[in-house]
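A.B. asks: As a plain string of letters, each chain reads:
Protein chains: 2
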Amino acid sequence: MVGKNKDQQIGFVKTKYYNAPANEKFVLESGASISELKIAYETYGELNEERANAILICHALSGDAHAAGYHTDEKKPGWWDEMVGPGKAFDTDKYFVICSNVIGGCKGSSGPNSINPSTGKPYGLSFPIVSIKDMVRAQKKLIEFLGIKRLMSVAGGSMGGMQALEWAVSYPKEVVSCIPIATSFKHSAQQIAFDEVARQAIMADPVWNGGDYYGREHPSAGLSVARMIGHVTYMSDKSMEEKFGRALKKKELGYEFTTEFEVEGYLRYRGDSFVKRFDANTYLYLTKAMDYFDMENDKGIGQVFKGVKSRFLVIAFSSDWLYLPEKSKKIVKALKLNGIDVTYCEISSDYGHDAFLVKSPEETKLIKHFLSSTRKKIKK
Amino acid sequence: MVGKNKDQQIGFVKTKYYNAPANEKFVLESGASISELKIAYETYGELNEERANAILICHALSGDAHAAGYHTDEKKPGWWDEMVGPGKAFDTDKYFVICSNVIGGCKGSSGPNSINPSTGKPYGLSFPIVSIKDMVRAQKKLIEFLGIKRLMSVAGGSMGGMQALEWAVSYPKEVVSCIPIATSFKHSAQQIAFDEVARQAIMADPVWNGGDYYGREHPSAGLSVARMIGHVTYMSDKSMEEKFGRALKKKELGYEFTTEFEVEGYLRYRGDSFVKRFDANTYLYLTKAMDYFDMENDKGIGQVFKGVKSRFLVIAFSSDWLYLPEKSKKIVKALKLNGIDVTYCEISSDYGHDAFLVKSPEETKLIKHFLSSTRKKIKK
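Protein sequence lines correspond, in order, to chains V and E. Each residue of the first sequence is one higher than the one before, counting from 0 in numbering that gives the first Met the number 0. Each residue of the second sequence is one higher than the one before, counting from 0 in numbering that gives the first Met the number 0.
Misleading hints may appear alongside valid ones.
Pairs involving identical chains hold if they fit within one copy or between any two copies, as the list cannot separate such chains.
[Said to hold, decoys possible] In silico lysine-lysine, BS3-like type, Cα no more than 25 Å apart, as pairs:
id, residue 1, residue 2
1, Lys250, Lys185
2, Lys237, Lys328
3, Lys378, Lys172
4, Lys329, Lys275
5, Lys242, Lys24
6, Lys326, Lys237
Quick caveat, the hints were computed from the structure, so don't treat them as lab data.
With the sequences and hints as input, model every part of the structure.
C.D. replies: In structure tokens form, the structure reads like this:
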């Protein structure tokens, strides 16, 4: 809710915090509970009088509440600034956009790096396992706190898309439309496998120490390897080839175990910069939540979206080999089996899974039109 | 050279060793050299009088000289026992099959875990970086020692295929035919990236200690993560889905960071069993050799196989997403541009890159017929 400048920028923003009442327990899907639930969030644009223009944006594994605009100490804007702002896909001149850090996260919401009120120390691995449903239920509390009864839309990519799908199922009357991007209603064995290797990389780091490292050295080496694994899966073979190919950092091969290829340098850089801003335990919790996520279970695909009332825009990217377009098509099939209004678009892109974070005029248009038509339906 | 039993088995075999003359230096592509080159090898079948039926099999990253038959202490046979033996693809009733552990390896050949004669201690990272060409040149010494002037065929999958290609280029007159399987004449950025993440996983393990860990605890945690990364890339999404899907090891989710999904258990098992038989430094050396391998360089694809005399059978697998069939097609194109006799076959398989190690009646037939026709050409 900060003024924009002329060139489609939101300008400076601040993260705010929702605190659940002190005596209220937040019970998780596992049966475990936490007290003093805290959710970090940001908002952009203004809520209209009818309180009918709110859009919730859900972040992916490495995201946070800071989707757009700048914090005063930042040179880079929020993670989806390309898409959120005046005149952008999620147009803050028209809509009230909310983004919150998930429960289990490490950027201000209750999670393994937050203080356990009953001990006064960081939770570490004593923080209970959270599910995608728990993330959504925590967001619901925030939305209620903000005085919003119904969301015009819930949108997100990857893990954010899982939350969007879960919103539509958990709160059918409260979600007018839903935009799941580059996502799936359940992880495949291969996706679980990549996550498990990343978790093993973190847990193999002796500094991790069973998750008990706060106030001491953090397991940077393990988390960096985990992030590098992720990065390779987020890019496409083609985009890596175009960006790096076999280019060397030096003039010629040095016959030593240093960083020699550009692609090696890039991965190390991405790993190193990630560990400065992210918590290793949160990486474990969020990958686990994604692996647990399974909207189908033994019910069969026809039952996944039973009772859902929202209209859908499902987006996938042609070169995404982690969340393959065929996974998005399964979402579409499951929706169609319930006669739900759904538009599907596979965007041609070389950026792999990361395409959902990259500026795309096509994606912008799709979302703009979808939101516009959703708004018209509400007004009728 | 051990008697077979009735059911297409080679029976018991022993690893043998070639030792270069004590005063002979083996100079590597980097310019560095080692003394007292040692190469571990096995042979199956008998060399014929004309010494014209020898086939060299080259192993992949995790392989060794023990391609077929059983060592006396083993329950499992060599790594390509499905393909090598009486009546099999590489028919030991007809051919004299040789397999050697590469230089840089950890199973008896000179490598980082072998003793540096000048210090009396294991080399560790003081072992010079080796290239695919160095592997081939070391094999050439072994072949000469065995009294063989010309190989009827050189075959191998993955890193073994790179060696096969290098043989055809380095020794055009000495290689009658060549069978590169699921391989490439240069690694792509994505392949380098996966290798680099695996190397980082090893080097992130403090026990690795700059490669100096022999006689102490080995960096099992890091090597295990490296192997798990590899494993996920060797299998296809489909084969993982069919083998594991989302099956659990227990009755239900336990909401804890233990091994819960079958696929997690499988990966940990594969990681744990690998560290018992493989050396972490060798993993670094061999992935580096593969990443360095580039037959094209700046020459252009038409120059890659210039001067090559061998005939080729190039095999790829439909679901191999690490060494994509299109990489094999590039080999074929590069060969055709030089008018070289080449047969290409893409075998339909769900096993991903690992398909080259799995029993395949189709692959067996292809290789059998190709070797037969090669033998006929020699006899003419």
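A.B. asks: For each hint, tell me whether it holds in the structure or not.
C.D. replies: The hints, checked one at a time:
no. : hint            : in the structure
1   : Lys250 - Lys185 : between (46 Å within a copy, 18 Å between copies)
2   : Lys237 - Lys328 : both (23 Å within a copy, 17 Å between copies)
3   : Lys378 - Lys172 : within (16 Å within a copy, 80 Å between copies)
4   : Lys329 - Lys275 : neither (37 Å within a copy, 42 Å between copies)
5   : Lys242 - Lys24  : neither (49 Å within a copy, 41 Å between copies)
6   : Lys326 - Lys237 : both (21 Å within a copy, 13 Å between copies)
Hint compliance for this structure: hints 4 and 5 are broken, all remaining hints hold.
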